[in-house]
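So for the sequence shown, this note's numbering puts the first residue at 433; every next one is plus one.
Don't take each hint at face value.
[Said to hold, decoys possible] Straight-line distance between alpha carbons at most 25 Å, and here's what the computed DMTMM-like set of lysine to aspartate or glutamate pairs gives: (1) Lys638 with Asp474; (2) Lys638 with Asp550; (3) Lys638 with Asp648; (4) Lys638 with Glu668; (5) Lys638 with Asp604; (6) Lys638 with Asp610; (7) Lys638 with Glu473.
By construction, these hints were calculated from the structure, which means they are not laboratory data.
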Amino acid sequence: MFDNRDAGLSTRFESAGVPNLMRAGLLYSLRLPVRVAYSLEDMARDAIGVMDALAIDRAHVLGVSMGGMIAQLMAARAPERVRSLGLIMTTSGARHLPGPTLQARAAMLSRPRGRDFDAQVAHAIGIWNVVGSPAYPPDPQALRTRVEQAIRRAYYPQGLARQLAAVIASGDRSALLDRIRAPTLVVHGRADPLVPAACGADLARKIGGARLEIIDGMGHDLPAPLAPRLAALVAEHCGRA
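All chains, please: the whole structure from these sequences, using the hints.
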């Protein structure tokens, strides 16, 4: 696992500035081009570049959320590099699919109430509590610890904004999905408020031979109680491939 560009400890694109996500969304809805600092195609090439640097010819590729969008592009553009494909809580970007709930959309576009560490932590916890799994609520202290560790390691909301702009600009990947030849597993939470379960079903229909697993009570996170089940699904899938 590696940090995508503009996240974690990877290269940051500060000179590109911070995009206006509401404007980007409006342009997309009007079918007008959205100018971005980089695209999901660039991020897919980054992942292939990591494989090149590690001398990995083919890999089992697993992508979660935006990572699943990047993984779709890897499998479609470089099918010879992808041994198997796992797509968790992600989407083809097709325009007819349902979008986030109003509460989830508002949470993603919200900002911390202050610039100090505690405000940043409270803001992140608030987002996870909105988009997370209603049947598997996190232990509050465990969630706080995880959020604090992530923020201390690399707090960079500007990069997240540019990544979300790249997601908006990527649009509909449906036409590329029939190029995917790798055995594909699609996993989605039935209670996902950010990327609704219909998006997972849509992906499974559009990728030949894909297997779909819808998990009741799961939202847009990877709750600890589901870790054994998710790990088993992925391990079995990779083993078959």
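Taking the hints in turn, this is what the structure says about them:
1. With a C-alpha separation of about 23 Å, the suggested pair Lys638 and Asp474 falls inside the 25 Å cut-off, and the hint holds.
2. For the given pair, Lys638 sits about 44 Å from Asp550 by alpha-carbon distance, which is inconsistent with the 25 Å threshold.
3. For the hint linking Lys638 to Asp648, the alpha-carbon distance of about 22 Å falls within 25 Å, and the restraint holds.
4. Proximity of Lys638 to Glu668 is assessed by CA-CA distance (about 22 Å); at most 25 Å being required, the pair is judged to hold.
5. Between Lys638 and Asp604, the direct Cα distance comes to roughly 12 Å. Compliance with the 25 Å bound is thereby established for this hinted pair.
6. Among the hinted pairs, Lys638 with Asp610 is consistent with the structure: their alpha-carbon atoms are about 7 Å apart, no more than 25 Å.
7. Distance hint between Lys638 and Glu473 is fulfilled; the C-alpha atoms sit about 19 Å from each other, no more than 25 Å.
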